[in-house]
Each structure stands twice: as structure tokens, then as C-alpha cells.
Amino acid sequence: DIQMTQSPSTLSASVGDRVTITCRASQSINIWLAWYQQKPGKAPKFLIYDASSLESGVPSRFSGSGSGTEFTLTISSLQPDDFATYSCQQYNSYPYTFGQGTKLEIK
Amino acid sequence: QVQLVESGGGVVQPGRSLRLSCAASGFSFSNFGMHWVRQAPGKGLEWVSVTSSDGSVKYYADSVKGRFTISRDNSKNTLYLQMNSVRAEDTAVYHCARIRYSKSYPDYWGLGTLVTVSS
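Protein chains in written order, with my numbering: chain A, 1 to 107; chain B, 1001 to 1119.
The reader is advised that the hints may include incorrect statements.
Label pairs and their calculated CB-CB ranges [unchecked claim]: (1) Leu54/A / Ser1102/B: 14 to 24 angstroms; (2) Asp1073/B / Ser9/A: 13 to 23 angstroms; (3) Lys42/A / Thr1116/B: 30 to 40 angstroms; (4) Lys39/A / Ser1025/B: 17 to 27 angstroms; (5) Arg1019/B / Ser12/A: 37 to 47 angstroms; (6) Val15/A / Ser1119/B: 42 to 52 angstroms; (7) Val1011/B / Ser12/A: 32 to 42 angstroms.
Derived from the structure by calculation, the hints contain no laboratory data. Computed from a predicted model, the values in this text were never measured in an experiment. Here a beta-carbon is modelled for each residue, glycine too, at the ideal position from N, C-alpha and C.
Can you make the complete structure from the sequences, with help from the hints?
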């Protein structure tokens, strides 16, 4: 199985900050990576697919990059609504696996 | 708009069975593959199972293989997860999620239903 490792587990930041979350795969997954945002009691929200393609309706301050085994999610200027948990998922091969999540907290 | 509503969760004793349902609306259900994904308390998301649009192809996580069965009834726009021989480690919120058309990744997710395995 492909292991997905996210870092950091928790990230404290302020409104307006630029933040980056990293996701590493235990083997190459090409570009087959998605990012999700999750808030307590809500369904995960789909943000990015194919490592860098922004889902329709997602603010342009979100961006993704990477290929192979290393990927990043960047939020260019944090907004109050962005404080949430972010997870990556590989869909290169079954079983599809997720990172453990990164909780983005208000500093 | 796309809606996915899970039901059937609750408290179940170890070794017993439970069936989860996911009612879909707002899209042509029979044209889309579907996933089940779970999240244990305080833990990350864990992929559980997937089925193709017609139900002919199914995959399972090793942790549930042989115990859980995914199925669907396209005439009722409903996805199911039959959970047998449940264990304490199956305690989680179970989400159903739609696969983006002709792709592999989940795009729309339901809120989930909580399954608690406890004696």
C-alpha cells in the first residue's frame, strides 16, 4: 500500500499569512493526488485534483503543486474561513490512501 | 445540487452486523462510481471501499475485506455498506462520496453517519 505522510500535523498561522502543507508518498504516484478541506461536523470539501488543478469554485488563493512523491498545498493569504483540517489523498492505485491531516489553527 | 445522505449508523456490539445506506440525489446516480470513506474519532480519513457505476467492480481496504460488502441499487439511487463481524476499530463516521465522472477521485461527500462498536 502507498503511505501518505503529511507535515506538519498542526500549523498555527494568522489571517493574511502564506502557508504551505506538504504531502509525501511512499512511492511515485505521478500527479494522482487530491486535497480536501474538512471542518468539524461537515463533509470534506474537494479543493484540488491531479496535484495542481483547482476545483471549480475554490478560491484562487489555494494552489497545489508537485509530482512523483512530493506535493504541496499552498494558501497564499489566509482568510478566516480557511482554518480547518486539510488532507491529501492518492488515487494512483487501490487502496486509495490519505494523509493523516494537517490542522490549520489561528495563531 | 448533488446531495449524499448517509443513514443506518448507531451503536452495535462487537461481532454483530449493521447496514449503512447513502441516498443520492441531484445527479444521475447510475452513471457514477461511489466510495465509502471513514474517519475514526481523532484520526484521519481512511478509504474503505469503492464500487463502479454498475456495481460490477468493487475494491476493499484490507482492514475490512471479507467482513464488509459494498453494493448499490441504481433504481433507488442508493449505495450500501453491509458491515459484518464488526470490531471496536470499526468505530468511525462513515462517509459516502461520489467519484468524479470518468475520473478516480471523490468530489462530493456526504456528512456521514456515526458507527460505534461497543459492548
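Each hint, compared with the structure:
no.	hint	in the structure
1	Leu54/A / Ser1102/B: 14 to 24 angstroms	holds (19 angstroms)
2	Asp1073/B / Ser9/A: 13 to 23 angstroms	violated (40 angstroms)
3	Lys42/A / Thr1116/B: 30 to 40 angstroms	violated (20 angstroms)
4	Lys39/A / Ser1025/B: 17 to 27 angstroms	holds (23 angstroms)
5	Arg1019/B / Ser12/A: 37 to 47 angstroms	holds (42 angstroms)
6	Val15/A / Ser1119/B: 42 to 52 angstroms	holds (47 angstroms)
7	Val1011/B / Ser12/A: 32 to 42 angstroms	holds (36 angstroms)
The structure shown violates the earlier hints numbered 2, 3.
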